[in-house]
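**Student:** Here are the chains, one letter per residue:
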Amino acid sequence: MSSAQALVDKDKGMKIPFRSVLSSRQFWLLTINAVVVIGLGIMRPDTFLSWINFKAVLSLMSYDLLLAIAMTTVLIVRGLDLSVGAVMALSSVVMALLLRAGMPVLPSVTGGLLVALLCGFTNGFFIVRIGILPFLVTLAMMTAARGVATVLTTGQYISFPTAPRWFSRFARHEFVLQIGDASYGVPVLLIITLTATLVFGILLSNWVPLRRLFFIGQNAEAAKLSGIQVERLTIAAYMISAFFVWIAALLMTSANKIGYANYGITAEMRAIAAAVIGGASFFGGSGSIFGTFLGVLLLALIGNGFILLNGDPNWQQATVGVVLIVAVGIDALRTIRQRG
Amino acid sequence: MLQATGINKSFFGNRVLEDVNFDVKAGQVHALIGENGAGKSTLVNILSGNLQRDTGKVVFDGDTVSFDNPLEAMSAGISVVHQELSIVPQATVAENIFLRREITNRFGFNDWNAMYARCQAVFDRMQVDINPRALAGSLSIGMQQLVEVAKSVVLNAKLIFMDEPTSSLSEKEIDELFQVVRDLRDSGLAIVFISHKLNELFEISDHVTVLRDGRNVGTRLTAEASSDEIISLMVGRSLSKLYPERSASVGDVVFSCRDLALFGAVKDVNFDLRRGEILGMAGLIGAGRTEAMLALINARKRASGRFELNGKPIELNSPHEALGHGIVYLSEDRKGSGLFLDYDMVLNVSSCVLDREARFGMENRKAMREATWRYVTEMDIRPKRPSATILSLSGGNQQKILLAKSLNADPKVLIVDEPTRGVDVGAKAQIHKKLRELANAGCSIILISSELPEVLGMSDRVLVFRSGTVVADLDNKAGVLTQEDVMNAAVELEGLAV
Amino acid sequence: MSINFAKIKVSGSWLQYIGLIVVTVLIVAFTHSVFGNVVTLANLRVLAMNMIFEAIMALGMTFVIILGGIDLSVASVFAFGEILVAKLMVEVGLSVPLAAAITVAVCALIGALNGAMIVSFRVHPMVVTLGTLLTLRGVNLAITDGRSISGFSDSFLWLGQGRILGVDFPIVFFAVAAVVLGMLLGHHRFFRQIYFIGGSERAAKYSGVDVARVKIAIYALSGFLAGCAGIMAAAKYGAAHWGHGNMAELKAIGSVAIGGADMMGGSGTIFGTVLGAIFLAVVHNAFVTSAVNPFWYDVVNGVMLLIAVLVSRVIAKQNERKMKSVRQQKIDRSLQPQSP
Numbered sequence: 001m002s003s004a005q006a007l008v009d010k011d012k013g014m015k016i017p018f019r020s021v022l023s024s025r026q027f028w029l030l031t032i033n034a035v036v037v038i039g040l041g042i043m044r045p046d047t048f049l050s051w052i053n054f055k056a057v058l059s060l061m062s063y064d065l066l067l068a069i070a071m072t073t074v075l076i077v078r079g080l081d082l083s084v085g086a087v088m089a090l091s092s093v094v095m096a097l098l099l100r101a102g103m104p105v106l107p108s109v110t111g112g113l114l115v116a117l118l119c120g121f122t123n124g125f126f127i128v129r130i131g132i133l134p135f136l137v138t139l140a141m142m143t144a145a146r147g148v149a150t151v152l153t154t155g156q157y158i159s160f161p162t163a164p165r166w167f168s169r170f171a172r173h174e175f176v177l178q179i180g181d182a183s184y185g186v187p188v189l190l191i192i193t194l195t196a197t198l199v200f201g202i203l204l205s206n207w208v209p210l211r212r213l214f215f216i217g218q219n220a221e222a223a224k225l226s227g228i229q230v231e232r233l234t235i236a237a238y239m240i241s242a243f244f245v246w247i248a249a250l251l252m253t254s255a256n257k258i259g260y261a262n263y264g265i266t267a268e269m270r271a272i273a274a275a276v277i278g279g280a281s282f283f284g285g286s287g288s289i290f291g292t293f294l295g296v297l298l299l300a301l302i303g304n305g306f307i308l309l310n311g312d313p314n315w316q317q318a319t320v321g322v323v324l325i326v327a328v329g330i331d332a333l334r335t336i337r338q339r340g
Numbered sequence: 001m002l003q004a005t006g007i008n009k010s011f012f013g014n015r016v017l018e019d020v021n022f023d024v025k026a027g028q029v030h031a032l033i034g035e036n037g038a039g040k041s042t043l044v045n046i047l048s049g050n051l052q053r054d055t056g057k058v059v060f061d062g063d064t065v066s067f068d069n070p071l072e073a074m075s076a077g078i079s080v081v082h083q084e085l086s087i088v089p090q091a092t093v094a095e096n097i098f099l100r101r102e103i104t105n106r107f108g109f110n111d112w113n114a115m116y117a118r119c120q121a122v123f124d125r126m127q128v129d130i131n132p133r134a135l136a137g138s139l140s141i142g143m144q145q146l147v148e149v150a151k152s153v154v155l156n157a158k159l160i161f162m163d164e165p166t167s168s169l170s171e172k173e174i175d176e177l178f179q180v181v182r183d184l185r186d187s188g189l190a191i192v193f194i195s196h197k198l199n200e201l202f203e204i205s206d207h208v209t210v211l212r213d214g215r216n217v218g219t220r221l222t223a224e225a226s227s228d229e230i231i232s233l234m235v236g237r238s239l240s241k242l243y244p245e246r247s248a249s250v251g252d253v254v255f256s257c258r259d260l261a262l263f264g265a266v267k268d269v270n271f272d273l274r275r276g277e278i279l280g281m282a283g284l285i286g287a288g289r290t291e292a293m294l295a296l297i298n299a300r301k302r303a304s305g306r307f308e309l310n311g312k313p314i315e316l317n318s319p320h321e322a323l324g325h326g327i328v329y330l331s332e333d334r335k336g337s338g339l340f341l342d343y344d345m346v347l348n349v350s351s352c353v354l355d356r357e358a359r360f361g362m363e364n365r366k367a368m369r370e371a372t373w374r375y376v377t378e379m380d381i382r383p384k385r386p387s388a389t390i391l392s393l394s395g396g397n398q399q400k401i402l403l404a405k406s407l408n409a410d411p412k413v414l415i416v417d418e419p420t421r422g423v424d425v426g427a428k429a430q431i432h433k434k435l436r437e438l439a440n441a442g443c444s445i446i447l448i449s450s451e452l453p454e455v456l457g458m459s460d461r462v463l464v465f466r467s468g469t470v471v472a473d474l475d476n477k478a479g480v481l482t483q484e485d486v487m488n489a490a491v492e493l494e495g496l497a498v
Numbered sequence: 001m002s003i004n005f006a007k008i009k010v011s012g013s014w015l016q017y018i019g020l021i022v023v024t025v026l027i028v029a030f031t032h033s034v035f036g037n038v039v040t041l042a043n044l045r046v047l048a049m050n051m052i053f054e055a056i057m058a059l060g061m062t063f064v065i066i067l068g069g070i071d072l073s074v075a076s077v078f079a080f081g082e083i084l085v086a087k088l089m090v091e092v093g094l095s096v097p098l099a100a101a102i103t104v105a106v107c108a109l110i111g112a113l114n115g116a117m118i119v120s121f122r123v124h125p126m127v128v129t130l131g132t133l134l135t136l137r138g139v140n141l142a143i144t145d146g147r148s149i150s151g152f153s154d155s156f157l158w159l160g161q162g163r164i165l166g167v168d169f170p171i172v173f174f175a176v177a178a179v180v181l182g183m184l185l186g187h188h189r190f191f192r193q194i195y196f197i198g199g200s201e202r203a204a205k206y207s208g209v210d211v212a213r214v215k216i217a218i219y220a221l222s223g224f225l226a227g228c229a230g231i232m233a234a235a236k237y238g239a240a241h242w243g244h245g246n247m248a249e250l251k252a253i254g255s256v257a258i259g260g261a262d263m264m265g266g267s268g269t270i271f272g273t274v275l276g277a278i279f280l281a282v283v284h285n286a287f288v289t290s291a292v293n294p295f296w297y298d299v300v301n302g303v304m305l306l307i308a309v310l311v312s313r314v315i316a317k318q319n320e321r322k323m324k325s326v327r328q329q330k331i332d333r334s335l336q337p338q339s340p
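Chains as they are written, first to last, in this note's numbering: chain A, 1 to 340; chain B, 1 to 498; chain C, 1 to 340.
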């Protein structure tokens with residue numbers, strides 16, 4: 001259940017719930033990732049083991065990673081957010097429209113954030129206060145948000161030529177890292193994503209308010225009787241989710257230099273798959289940022305492998321589903337064996 | 001009719017049944033009694049095909065039998081009325097009764113009219129007034145219980161196991177159920193009646209078998225047995241010594257509650273609680289004790305209520321606020337709303353106070369672990385391994401963890417709801433001892449329990465609930481209150497069904 | 001068609017049906033009086049054909065949802081059905097009946113596989129069917145290389161474009177399927193069991209219901225219907241394409257939810273689902289005829305879904321309130337003699 005910390009935290013005495021199962025899951029995910037890397041490295045040493053390729057893989061997975069973190073957060077409280085992709089598109093469209101209208105960067109970006117947070121709050125409010133299933137609420141939000149984005153743009157790309165140039169460049173800007181003779185360009189996009197992942201991963205496994213999310217997901221009634229403010233924190237979880245969606249929207253808008261209503265179509269499905277592969281459960285109370293990261297990475301590496309091995313790149317889509325099914329299948333076998 | 005000899009069963013190396021012999025005769029009601037964990041449910045599950053025995057022999061109706069699943073047992077004529085009702089509320093009564101036994105045409109389509117008619121005939125025979133076309137969910141729990149019984153009758157069962165059928169029924173419903181049971185008995189069926197309640201078993205059964213620790217410690221003719229004898233068979237020792245000594249150190253009023261009401265459940269509840277006092281709450285199930293306490297901390301949205309702590313009025317708008325005032329409620333349903341089953345002891349014990357000794361809002365795991373370890377040793381929680389998940393613990397140890405969780409929040413007012421339900425005798429005594437120690441240390445305790453001896457043995461004062469309100473406030477400092485005193489208050493009126 | 005469809009009545013569900021019918025009729029009346037040309041045979045045909053494949057999938061989804069499950073994979077099974085039947089005829093050269101028979105069998109098998117995995121993995125049905133959705137979508141893309149397949153015989157095209165007594169074949173198929181499945185769900189002993197499984201799986205098991213078998217059969221039914229829809233869609237469009245039916249699962253689920261089924265299982269009727277599907281078709285049509293920016297359609301879809309769920313929620317709350325007031329009266333009565 002805990003995350004990157006499980007590895008960082010050398011304190012073996014601190015037993016984390018499901019530690020044996022989940023840290024072994026992280027171990028296996030790590031191993032499988034390593035096997036894929038080594039395998040591809042042997043088969044395609046030149047193309048795969050190049051910084052350019054790694055950079056491409058990591059940059060491409062950034063958006064998926066941010067959305068998968070958003071998904072993990074709500075899965076932990078036994079929720080679900082089908083609207084991540086659609087809200088990302090809406091937030092991006094709003095930012096682009098405000099920029100195009102000549103608004104300075106900060107208010108425009110804030111506008112996008114507010115829209116995302118409003119969507120997150122609405123999701124949380126209907127789920128917690130009205131008591132409608134997360135699946136239905138966020139499904140409605142998904143259609144509605146995507147619909148509004150399309151209405152606002154009439155389906156067109158929204159560029160913002162008059163916006164400050166730094167905004168349309170920062171996501172792709174690269175800091176050059178000089179190691180010996182080689183120089184490695186690290187895109188800002190990647191730095192932001194990985195920093196956000198690391199910080200949130202540490203907070204989620206240590207910071208008390210976020211730790212409480214696990215208790216809510218495991219048993220909401222018991223959490224309530226234990227003095228945990230279930231309603232407030234559950235809504236907060238949906239807003240945290242929206243916050244990460246907004247980061248993804250911001251980076252995507254900057255990197256592509258346009259806002260577009262069709263960003264992130266079916267992204268919610270990949271996000272769920274990655275989170276579940278990483279150890280989150282639809283029954284709440286488990287999941288970790290580190291596991292989710294490994295899940296996203298595995299999907300990205302396999303996708304990359306398909307392209308590099310001259311396999312039909314079209315098959316890469318299918319692997320997401322297969323990996324998901326195999327992951328839950330192995331899990332099932334393991335629990336059945338454990339319980340006898 | 002049924003003869004089981006030498007039944008053995010182990011789970012993961014734990015012997016739960018040891019050489020059990022059990023005979024049931026046709027046309028009789030046979031009571032099966034024993035403490036939780038004595039093996040009653042396992043025995044029933046084996047005899048009804050839910051579980052397979054390790055060794056032993058079962059003869060039913062003259063044939064040696066071995067059922068692989070409940071269906072086989074059912075078709076042989078053995079059915080079970082489970083403790084948790086297996087009624088589906090969205091389906092009609094008739095459909096519930098005929099599930100898997102539908103009367104259909106040759107294409108498999110239900111013949112509704114035939115089913116309703118047949119169902120009505122069964123109800124007529126049982127002399128109960130239930131409409132076969134009604135939705136099962138619209139019936140009271142008692143009626144649903146009768147529907148369960150009707151299900152067995154429709155199956156032409158020769159032997160019916162009834163697993164604690166009265167646990168959530170009102171007195172009146174129990175009477176109705178007993179009437180049906182007697183009628184069935186008189187028509188030649190054998191009925192095995194499992195219960196915790198001695199008085200019921202004396203009322204209804206012909207034979208009684210006592211299980212203790214997986215063994216049959218005695219079968220008696222009910223008419224010849226005394227309750228003392230049964231009790232001593234069950235526990236292996238006399239009951240009266242189970243409760244810790246009272247102390248005389250009850251102080252001033254700490255907490256008072258006025259005009260507490262919860263729509264549809266509780267009204268006009270007033271009481272004062274003194275320092276170091278254990279205040280028992282007695283009453284039948286459904287009398288509103290649990291609901292009143294949930295309303296007190298506003299876990300169920302109450303209609304009204306005013307509270308004072310140490311003479312000062314306080315707001316209790318949520319369990320969170322209550323916790324802030326040192327008022328902690330310990331749930332009656334430890335699995336459903338008490339514990340976090342997949343998590344370990346440390347997280348469960350710390351769950352109320354995750355932010356204690358936190359640095360920059362970060363969990364202090366060392367402090368959490370130390371606190372847990374303290375409770376594990378103090379209350380003798382097994383296994384002595386704080387990293388064990390709750391799911392792997394026995395009921396008694398789970399209950400101790402639940403208590404430890406509440407204690408870890410430093411309660412001034414501790415509300416314990418059925419703190420020893422489903423707990424073995426040893427753990428029960430430990431929990432009682434711990435509660436008394438707490439009270440002696442100045443904590444005020446509200447004890448809700450459906451076991452009258454427990455309420456009487458532990459409490460300094462007893463509030464009796466009936467139909468959602470307090471009907472009696474009885475002093476028990478001397479410990480001389482009797483079960484009759486309390487029951488008289490609890491069941492004064494006719495038809496108090498809630 | 002309402003003969004005994006709601007043998008299992010959730011209190012208030014008839015109210016909901018009537019409400020749904022009234023709103024649908026009002027929308028039709030409004031758009032017809034304002035824009036005209038709504039209640040014409042030609043328009044009604046367009047209206048029905050726009051939604052018909054989702055509606056057929058919704059029939060299967062009804063069974064799945066009553067069972068307490070969900071099938072996200074129908075849309076990809078649908079597209080797979082299109083592609084498979086096309087390939088069998090165009091590339092393998094099988095006759096129409098043989099190709100169609102093989103296709104529906106394979107689709108039913110995929111559904112059965114979903115069911116088998118749900119039963120044996122003991123995970124949330126959403127995880128498994130999401131895996132199937134992603135896998136099949138990838139497979140669809142890969143085996144067609146993203147191109148459409150066409151060149152069907154006229155006898156095949158009849159399945160999508162032909163008419164019986166002036167009614168399009170898919171509509172006839174839908175109507176017949178709805179009646180037959182409605183009868184089965186209402187009165188057949190095998191299908192009645194799914195209400196028990198959805199209501200309380202454990203209770204059903206105690207009563208001797210073979211839960212695993214029923215589940216597998218119901219998911220197979222869902223796959224079967226999606227396959228049938230896919231074949232007719234290929235015939236209607238004259239081509240098979242992997243992108244067809246994208247997001248159709250959401251419309252199917254929407255129809256069931258708007259039709260008043262409880263997403264937690266245990267309630268729902270074919271009649272309700274048919275009303276839900278008609279409602280969605282009418283709303284869509286209203287947007288087309290009113291020439292309002294059709295992009296609003298998605299927004300309204302999302303909002304309508306939420307409203308439908310809200311309505312069932314309100315009804316449930318009212319019932320709860322009613323039950324409580326009965327008890328409150330009892331308490332009041334018992335208190336009276338004490339305070340004269």
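It should be emphasised that the hints constitute simulated quantities derived from the structure, not laboratory data.
It cannot be assumed that every hint is accurate.
[To be verified] Cut-off 27 Å, straight-line C-alpha distance, at most; resulting in silico cross-link-like pairs (BS3-like, lysine-lysine): (1) C:Lys330 / B:Lys301; (2) B:Lys312 / A:Lys224; (3) B:Lys335 / B:Lys312; (4) C:Lys87 / B:Lys172; (5) C:Lys324 / B:Lys172; (6) B:Lys197 / B:Lys433; (7) B:Lys301 / A:Lys224; (8) B:Lys172 / C:Lys205; (9) A:Lys224 / B:Lys158; (10) B:Lys158 / C:Lys205; (11) B:Lys335 / A:Lys224; (12) B:Lys412 / B:Lys434.
**Student:** Of the hints given before, which are not true for this structure?
**Tutor:** 3, 4, 8, 9
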